[in-house]
Every structure is written in structure tokens, then in C-alpha cells.
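Could you fit the two chains together into a complex? Lean on the hints.
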Amino acid sequence: MLNEVGHFALVLALAMALVQSVLPIVGAQRGDTRLMATAAPSAGAVFALVAFAFAALTVAYIRSDFSVLNVFENSHSAKPMVYKISGVWGNHEGSMLLWVLVLATFGFLAAVLGRNMPLSLRATVVSVQGWVSTAFLAFILATSNPFERLFPAPFEGQDLNPLLQDIGLAIHPPLLYVGYVGFSIVFAFAIAALIEGRLDAAWARWVRPWILGSWIFLTLGIAMGSYWAYYELGWGGWWFWDPVENASFMPWLAGTALLHSAAVMEKRDALKVWTILLAIVAFSLSLLGTFLVRSGVLTSVHAFASDPTRGLFILMILAAFIGGAFLLFALRAGTLKAGGAFAPMSREGALVFNNVFLTTACATVLVGTLYPLVLETVTGGKISVGPPYFNMTFIPLMVPLFLALPAGPLLAWKRGDAAAAAVRLLPAIVVAMFGAAASAWLAGEETALTAAFGIGIGLYLVVGSVAELWLRTGRGAAGARLARLPRLPRAMWGTAFGHLGVGVTVIGIAALSAFQTEVIRDMGPGDTASLAGYELTLARAERVEGPNYTDTVAVFDVRRGGRVVDTLRPAKRHYPARNMPTTEAAIKTMGPTQLYVTLGEVADGKVVVRLFYKPFVLFIWIGALIAALGGVLSLADRKLRIGLPAPARRRVPQGAAGAGA
Amino acid sequence: MTGGGMMGRGMRARIAALFVLLLAFAGPALAVNPDEQLADPAQEARARELSKELRCVVCQNQTIDDSDADIARDLRLLVRERITAGDSDEEVLAFLTDRYGDFVLLRPPFNAATVALWAMPALLLVLGLIAATVYLRRRPELAVGERGLTAEEEAALADVLAARRAAREGPPPSDPA
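As you go down the protein sequences, you meet chains A and B in turn.
Just so it is clear: in the first sequence, position 135 is 193 by the working numbering, and no numbers are missing.
Just so it is clear: in the second sequence, position 2 is 120 by the working numbering, and no numbers are missing.
For reference, chain B alone in the conformation it holds in the complex (with noise of 0.2 Å):
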């Protein structure tokens, strides 16, 4: 095992070295890197929210905050810019979708072409529910006294019956097969 500073300077120096060869494969970096955040932390915990609900607009469905193309970076650097700047959340989506329309937004907007969208589970949900009363309530009711059995009345009435039957039916064959 390796103590952190145990390390002598030419092991250092080769180590950074071999850093600077995961250059040669530039891979997907990561989504928010240290140089884009702010120093405030309020502000960079405002600009992360902000940037789970935006949507790298080139990518396959992923958020700028988890995205690693240039764009979303440099949409994320939009972002923090007018936080910095002092807008309020609501400018900075608007700035955005001024700019990149409604598509970049990964929650949309309510208007007349998402009004279906957004009214639909809460319309689908009482629908259901009042299917269900109807349907509940044309059930024929249950007849007064009609308590049914508990589980375990039913499991004995069972049992009772099968041996009935076995009784009068002879012994059981011996594979059931």
C-alpha cells in the first residue's frame, strides 16, 4: 500500500506524465466539470436544479446536467452566467426557451398544445374513479346476512367437502397424474 505522501517528485512527475496521456482519448468528460462551477453554493445548487430540467437538445433524451457534449456544456455555462447575473430561475428558462424554443425544456410548458398533456393523468384518473363507483355501485348488492366466510371457514369447508367426495368416491388413485 501506497501512503499519499510517501510519493518521491520522479514518481509524481511520472504519474503526471500518464495523466497526460488519457489526453490522447478524449472520451465523453464528465457532465459538470469543477472549472463551469460557481463559487457561491446556493447558486451553483440553483444552477444544478436548473440544469435537471433542461435538455441537451442534441443529445438522446439527457439532461444538460448529465450530458457531456459541448453544447450542453456550454448551455450550462448559460445557465450560471445569468445566475450570476441575478436573474431568477423563471428568466433564465425563459432566456433559454427564447433561444432554443420549448424543446429544451424537459418539463413543458403549459399552453394550448401541452394543455392535453398535463390534464390527462388527472382526467384519466377520475374517469377511472368514477368508472369504478359505477361500476361498484351496479353490482348486484349482497344479500343481507350474505357475510361470505373467512379464509379459514372457506379452507375447512373445502377440506370437509373433499373428504366427503373421497368417501363416497373410494380411495384416491394413486398417482393423480
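In isolation and in its complexed conformation, chain A is listed as follows (with noise of 0.2 Å):
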């Protein structure tokens, strides 16, 4: 009964899109307040039916109920609460639910945040954004209906893909989701731009955050992906450049050029036309990732729809809004007025020139995704694109940005000094070069070069985000200098957080590339396999029962200097359900350094064993989680809370005793 109300609830939030689609933006066109009134009510209505439908389809999954043919075909009775749950989003008609949950909750905040737009540009974006929830949810209805019913009822699941019994499926989705979809919103904004006619530095003020959300969630969701495919799959490996990972590499590459973009037309009323575009091109590329993904185009785990049908109907959807889009760019963008002035020397400048690298990359992977798609199809010719192409063509697109990206924020606004700037980088560059130095020294000599370019950039970047920070907080001495970094505004720490962030994760990749060593052999009980200082002495096997799979397990006693500091137990795993094994890797975690244990064949009384040394991997995660701080502390500036205008008069006691430092 429930299922059936939830199916009703689609049915109705796809009506109700339809009114959001079209009131609001009528009004607002009109200039009838009364119907542009209609924005939060019907986006609010889409919003509640959809949250109903999916938790409708969730208590489905808590309660296994295999008459609904999703839960049939990806749960089990025995599976775990938590992946009963997870496992909602864990398949094409859920995830396409939960794509369409955060969809309109999006449509809702708009609606009822921001309450300091003009009402007009408000109901356009919600119109907007109705037009993107109807889409999906005529979709989800014509083709992917997650409520389907099977009978009669199975009396058991046949289980989720044990790739994805796992907390990452969780975390992943939801956090790649809010940041695909968030660049809807600023889709919306720039459509409603176009509409209007109206494009100024409140606009990019009002559309910012929306950014940096967004931004923060999509680079979360993609980290948090690449350690789970690093702990999971079993090769420790952290990035494949597959299909679907530059899927959602791509948004992010677009989402960042945006950002800064955005800086700029904010600051200075320039780049307007460029920013416009890029918000078009972020969405475009979120929708190119979700067709890419879902249509089954890609052959790749993530593909679990391989329905002509929706591949079609994901395709009209991408054709109708990208092109729609560009059709109102080409007609529109010429009236939009040039802004402010500024000098190719300038921190507009260097904004350009990261706008130039950034989206060449950005191009430069979506031709290399496509590419062997296009080609067949032309020529029936086929080619594999892979990693070595990518790295080729990627690293020296991120070297010159990177080189240049210190330098960006000691430039001033309109027009800058670049030996002045360089002045002011001289620490940054000496650390860099002994970095550099000393690597490539301790690297030996097949991967000096690697080592030396990588921790020689990354440091480079590290330092001079701290420099950055440092001689913002003007002269005197340091004492003085160091109580005046928390007053420093947040969006300069979100700056300086976001670069040191890219920093880390260099160094992180750099020194993986460089230093990991790995042992592959063979090993009986009591053989002992040495690596980086470390002796794993395989001491027994066991075999342990979980929830819905067995394990077993292989005991590796850890030791250095021959005392025992730690055992490791990685493990074969069998899910009878889906009678389908995975490989569970055992890592030991020394600071950023990790130990990586894996399993495999097994012969005469031997168990192949694959041992890694991974120095400093984890700074790759955990420098997208600095920059992601960086956004979150950008989000918090004064200057984009909502309500603007007024805090700045209530601070003026302070603000006017502190001008005349």
C-alpha cells in the first residue's frame, strides 16, 4: 500500500513540478506578484512528495519487502541495516529517486532563502529549476519506476553487489549528488539572468554560495569515492581515470573555474558573459555525467542501467537543456554590458589565466571520455583512452597553474605588480627548490624526476597559501601580526585553505608516485615478507562468520625491530547471496603512511600475497578535505550571509574606529 502511495506521490510532485515550471516564471515576466507568490508553495509541494516518495521506498528496504521488484533485486533479509538503507541509492531507479530528492530540495531552498532577490529573479530561478525537476521526475516515471511490484513475492532478496555493501556507498552518492545537482541552481540563476536581461555584481553575490556549496559537496563526494575504490577494490589504486570518475571530475574541473570566475565578476562587475557561461557549462556537464553514468553508454561497475530506452530519454533531456541553453546564451549574452576595467596584470588576470588552464583540462578530459564513443560510432574504429593519455595530456595543463596559483592572490585588483609578487613568493620558491632537491636525492634514480617536480610543486604551493596569509596581516611585529590572523576576513583563510588543500594532495600523489614500494609473493604460514623497514609474518588463517558473507581471514603479524606492533587481516570474502566474492584489503596507518595488505590465489597451502607501502597517501584525501574547509570558511564570510547590507551598518562603530589604522 505504502509503495503504491509513494508511485502517487511521484505522479503528484511531477504535477506540481509542472506548476512551479510555469507560475512563477509567468508572474515574473507579468510582473504579478500574486503568481509569482507561487514559487515556495509549489516548490515546497515537489519537495514534500518527492521526500515522501523516497522515504516511502526506503521503509521498503528496512522492512525487505521483495514485492517491489528494486528491493528484490538489491537487497537481502540478512544484509545490515545500514546497507538495507544505503543500498535505497545503490541501484539505477533509487539513485535516479534520490538524483530527483536533492533536485527539489535545492528547488525548495531557493524558494524560501534569499529572501533579499528581487522577487522576479527569485520565481525565475524557481521556474527554473522546475523545469530540471520535471524532466527528471517524467523520467523516473516513464522509465525507472522504483515502486514496480513483482508476483508473486519472492521469499528472499538476491542481495546488493558486495562492491557496494559498504559505508562508502553511504557517503558517496549523497555528497557527489548534492554537488552535481547544487550546479542546478546555478543553472537556474544564469537562465534567469539571460531571461531578464539582468546580470550584475548582486547577482554573482547572490549565486555564490550556491557555488561554493556545491563545489564543497562535489569535492567531498569525489574524494570520498577515490579512497573508497582505493580500500575496496583491492589494487590500491586511487584514480583510474574511468569513464565515470571523469564523470564527475569534469562538473568539478568546470565548478572550480566557476568559482573563481564568479570571484572576479563579484569583486569587479567583469568576466559577466564568461561566468554565465561557465554556470551553463557546470550544469551541462553534471547532466553529461548523469547520462554518461546512467544511459549505460559506459560499460563500468557505476552502469547498472543498460536500457536503450533510458539512455534515450536521458539524451532528450541533455539535448533540450544544453541546447536550449546555448540557443538563449547566443541570443541574449550580447546585451549583457562589459564591466569593470582592469590591467592583463592584475588579480583579474590571473583569474583569466586560471579560467583558461581550468577549462582546457576540462575539455581536455571530456575529449578523452569521448573520444573512443565518437570515434566508434564515425568509424566503427575502436580505441581504449586511458590513464597514460590522461597523465600526459592532464599534469602538464595542472603545471603552469599550479606555478602560477601563489601568485594570483598577492596580485592586486585592477592592476598588479608581478615582480612584487614574485618578491613575496622568494620563501615560497626556496622551500620548493630544497624540497625538490632533497626528494629527488632520497628518490634514487628512475623516479628523481617525478619526486622532485611533485614535493618541489606541492611545497611550493603549501608554502606560499601560508605566505598568502601571512602578509595579509600587514607589518609590526610578529607577535602583532599573529593576533591579527583570526580577524583576517574568512574568505581569505577559505582562499588560503583551498590552495594549501590542492598542495597537499600534490604531495600526497607526488610521493605515492615516487616512494611507494611493493612486494607480490607467495607465502605459506610462518613466511615472513619484508618492506620499507617492516616484517609481515603470515601467522594463521581463520575463518569468521559476518552478518550476510564469511570471511577468510589471513593473520599477518606486524613488526619492526623485531618487536610485534601490529596485525593485519585481510581477507577473501563470499557472499553466498550473490555467491560472489570480494577482496577486503588491510591497511595499517602510520601518520599519512599506510601498509596495504591484500589477498590472492591460493595454491598448495600458499596464499598469494600483494604488499604496498604507500608513503603519504593519505594527503591525497585529506588535502581535498582541507580545500573543502576552505570552501566551508569562504561560505562563512560576512559578506555572504544573507542580509547584506544591514550587518555592514551595524558594524560601524568598530568598522569606523578601525578605518583609520
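Quick caveat, the hints were computed from the structure, so don't treat them as lab data.
Quantities reported herein were computed from a predicted structural model and do not represent experimental measurements.
Among these hints, one or two may not hold up.
[Said to hold, decoys possible] According to the in silico footprint, chain A covers these stretches of chain B (three or more CB under 8 Å from chain A):
no.	segment
1	168-179
2	213-223
3	226-240
[Stated by the list, open to error] Sample of chain A residues lacking proximity to chain B, with all beta carbon distances greater than 12 Å (derived):
no.	residue
4	60
5	63
6	93
7	201
8	209
9	289
10	492
11	500
12	506
13	544
14	635
Glycine residues also receive a C-beta, built at the ideal position from the N, C-alpha and C atoms.
Given below as C-alpha cells:
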């Protein structure tokens, strides 16, 4: 019963989404406040109905209601509760429902937040968001009904893909979807600006929190997915340039470019047309990512949907939104006036440089991802574009970007002094040189170049970011400057943390590439393998029963200097429901460094063991966390808080007192 | 804690038996196996590097170095066979593309079909830089003397203006929502 009500709620949500799509924007065009006022209730209704449908599906999963096809195919009564719940979105229908839930949430938030925005802009934004909701609700109802019944109801479910039975599934998709779908609001803002023909610094200030928020979630979602793949897939890689990874990476690159161009627009009223274009591109890439993953045109673990009607439907949505947006852009972009003037050597100029490289990198990933598909369609030729291609093209684009990065914030708006910036970067350059030399010496002949370049650039970014913050504290005694640090605007901290995070990630990647060591060998009971100063002795094997699986565990005693420091328990896990085995890596973390052990084939009483020593590997994800924290700090900046003009007035007494300094 | 050398014979036998049990779950084996590896470390290193350039042709975006599929193992052995036979890296790759086509290469070869793929990044970068230069050139020049204010000056100015406005408009409302 609840399932049918859930299905019906989706139908009603579609109807309400149509209302949301039409009435507020018509009101905005006619200047009719009553019609515009329908934005909040209609968006609220869509949100409530979709949330209800999502809750209904979750209940079906919790109850293991196998009369629902989707639950039967992706759940099992013995599955732990957390995976029953996360299993809701561990399949095509459920994950599309989550997509629409996030979409509806953003629509509702846009309708109730931003009370200081002009009523017509808000109404238009909410309506455009409604178009997206309408399209995806129609998609779910037409091709991907999650409430489809099964008769007679089977006694037991088929269980979830074991690779997905992990806490990663509970966290990764929701984070990623909030990021992806968050760009729909940014897109709605861009379309609204084009329709209204009004685009100014205020617009940039209203849209900035949405960009930042989406970017933070996308950053966390990608980092989480990368760490999940690292520990779950069992071969210790953290990024594979898999088309599905690229599908989330492209919106991130475009979003990062957008974040920076919107800053120029907000401060200097320049780069307006470009910012609009990037906003459209970022969401188009989110849609493209959804299409690539959901249509099954790519064969990959993520593509649990390989139904051509679905692919065609998403392709139509894609064509309508992207095509429509670009058409509107072509028609209206000319009416937008150019903004403030600046010299090429300035903060604005540096951010233009940033945008050229980030968008080129994004386009490179796009070309590499789609090229095999296009080539096969056009000529029938089959080629593979894999990590060697992406590393060869992407990394050279990042090097100039990273070299210029710490200089950007040191240049003044309008007209900067390159020589002065270079002098201020001297400490960073010196540290980077020393670091590069030391790591080249440590790395030995083969990886010296990787180590020197990577660690050097990483240190340069880290020291550069810290130096930028320090230089902002002005002149005077160190103690006085230190006291000034916490009082710096949060956005400044945000910039520094964002850039610091990039540096930390670069160090992690470089250290791993240059210093990782690996041992592959047969081991029997009592055998000892040495790796990076650690001795790992295979002590015994054990069988461990999990809730819905059986682990065969190899227990390793880890010694350092003859003393046992830890026990590692890598396992081969067997899920009887799907008769599918997985490899569970055992990981020992020492600061940012990890020992990583996985099991392979077994023969003649011996097991194949693959042991990795992964120095500084955690820096890769810690850097992403630091960058995301930078985003949060920027979001918390006073100027982005809603009701902006009022706090400025309120702060007069302190501000006036400090102005004399 | 059990010392490595303190294990009895019976225990060892039991452990060995347990290991055989693992066979029942002949699961995803590890990619590179010890029995495949070449004795010469330099040759083995070359084989590993080459393996990272080759696609497991039946897999979903995996290199033969990462994959546990049978075909990947066959390809790894083939690579090592060719290396032992004295082939250069190029000859090994040519040997494999003759049999499996360009599909097996994760770094696509440069030819008529892939010229756009390889040229695109550089082309886009050049176009982007040209566009940016044209844009920067066409911008209205900053007037002589219009140097812009530093961040501190701007903040000070904003505060002064706000103070003036506040003084003109009377005390601020207590709750500025």
C-alpha cells in the first residue's frame, strides 16, 4: 500500500513541478506578484512529495518488502541495516530518486532562502529549477519506476552487489549528488539572468553561496569515492581515469573555474558573459555525467542501467537543456554589458589565466572520455583512452596553473605588480627548491624527476598559501601580526585553505608515485615478507562469519625492529546470496602513510600476497578535505551572509574606529 | 601473540588445510602473480611498466597490470615472453596490437583516427590563450593614475561611507533582518 502511495506521490510531484515550472516565471514576466508568490508553495510541495516517495522506498528496503522488484533485486533480509538503507540508492531507480530528491530540495531552498533577492529573479530561478525537476520526474515515471511490484513476492532478495556493501555507498553518492545537482541552481540563476537581461555584481553575490556549496559537496564526494575505490577494489589505486570518475571530475573542474570567475564578477563586475557560460557548462557536464553513468553507454561498475530507452530519454533531456541554454545564451549574451576595467597583470588577469587552464583541462578530460564513443560511432574503429593519455595531457596543463597559483592572490585587483609578487613568493620558491632537491636525492634515479617536480610544486603551493595569509596581516611585530590572523576575513582564510589543500594533495600524489614500494609473493604459514622496514609474518588463517558473508582471513603479525607492532587481517569475503567474492584489503595507518595488504590466489597451502608501502598516501584525501574546509570558510564569510547590507551598517562603530589604522 | 617460529607441526598442517579451503572461493585473484614474474628485475620492471599501458580487453577500464581476468594473465605472460625473447618495448606493443588491434593500447597511437584526440588539448589551450589575450587587450584601458585602491584602503573607504550614511539616517535598527 505504502508503495503505491509513494508512486502516486511521484505522479503528484510531477504535476506540482509543472506548476512550479510555469506560474512563477509567468508572474515574473508579467510583474504579477501573486503568481510569483506560487514559487515557494509549489517548490515546497514538490519537495514534500518527493521526500515522501523516497521515504516510502526506504521503508520498503527496511522492511525487506520483496514484493517490490527494486528491493528484491538489490536487497537481502540478512543485510545489515545500514546497507539496507544505503541500498536504496545503490541501484538505478533509487539513485535517480535520490537525484530528484536533491533537485527538489534545492528548488525548495532557493524558494525560501535569499529573501533579499528581487522577487522576479527568485521566481524565475525557482521556475527554471522546476523545469529540471519536471524532466527528471517524467524520466523516473516513464522509464524507472522504483515501486514496480513483483507477483508472487519472492521469499528472499538477490542482495546488493557486494562491492557496494560498504559505508562508502552510504556517503559517496549523496555527497556527489548534492554537488552535481547543486549546479542546477547555479544554472537556473544563469538562465534567469539571461531571461531577465539583468546581470550585475549583486547577482554574482547571490549565486556565489550556491556555487561554493555545490563545489564543497562535489569535492568531498569525489574524494570519498576515490578513497572508497582505494580500499575496496583491492589493488591500491586511487584514481583510474575511469569514464565514470571523469563524469564527476569534469563538473568539478568547470565548477572550480566558475568559483574563480564568479569572484571576479562579484568584486569587479567583469567576466560576466564568461561566468554565465561557465554556469551553463558546469550543469551541462553534470547532466552529461548522469547520462554517461545512467545510460550504460559506458561499461563500468557504476552502470547498473543498460536500457536503451533510458539512455535515449536522458539524451533528450540533455539535448533540450544544453541546447536550449546555449541558444538562449547566443541570443542574449550580447545584451550584457562589459564590466570594470583591469590590466592584464592583475588579480583579474590571474583569474583569467586560471580559467583558461582549468577549462582546457576540463575539455581535455571531456575529449578523452568521449573520443572512443564518437570514433566508434563514426568510423567503427575501437580505441581505448586510458590513464597514460590523461596523465600525459592533464598533468602538463596543471603545472603552469600550479606555478601561477600562489601569485594570483598576491596581485592587486585592477593592476598588480608581478615583480613584487615574485619577491613575496621567494620563501615558497626557496622551500620548494630544497624540497625538490631532497626528494630527488631520496627517490633514486628512476623516480627522481617525479619526486622533484611533484614534491617541489606541492611545497611551493603549501608555503605560498601560508605566506599569502601571513602577508595579509600587514606590517609590525610577529606577535601583533599573529594576533591579526584570526581577524582576517574568512574568505581570505578560505582562499588560503583551498590552495593549501591543492598543495597537500599534490605532495601526496607525488610521494606515492615516487616512493611507493610493493612486494608480490607466495606466502605460507610462518613465512615473513619485508617491506620498508616492516616484517610481516603470516601467522594463521581464520574463518569469520559476517552477517551475510563469510570471511577467510589471513592474520599477519607486523613487526618493526623485531617487536610486534600490529596485526593485519586481509580477507577474502564470500557473499552466498550473489555467490560473489570480494577482496578485503587490510590497512595499517601510520600518520599519513599506510601499509596495504591484499590476498590473491591460493594454491598448495600458500596464498599470493600483495603488500604495498604507501608513503603519504592519505595526503591525497586530506588535501581535498582541507580544500573543502576552505570552501566552508568562504561560505561563512560575512559578506555572503544573507541580508548583506544590514550587517555592514550594524558594524559601523568598530569599523569606523579601525578605519583610521 | 604468536611468535613466527613457535608453531607446531600439527598447527601448520591445520593452517595449510585452512588455506586450501580458500580455494573453494576461487575469488578475484590478484593481478600480477609471483609465478608470472621474471627473474631479471630490470626485465620484470619493464614488463610492469608495459602492463600499465595495456588494456585488459574484456574488462571495464582496467589495465592488465590491475586485472585478474584470465585474458589479462595471458597478456601479461605474453608481454614477458616477448621481453625474454629480446623484444624492445615498441616491438612488444606492436606484437600485441597486431593481434588485438589498437583497442589494447591505453595510450592510443597517433594516427589519422586519433589526430584530433592528441591535438585537441594543445589546440584548445592555444585558442584559450588567444581568446584571453584578445579579451584582455580589448578591455578599456585603465586611465592613467587610476591605480585602484588596496584591499585595506577599500575597506577603510567602505567603513567611512557606511559611518556617514548611518549618521545621516540615524541609529541602525536593532534587528536588521
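Broken hints, numbered, in rising order?
none
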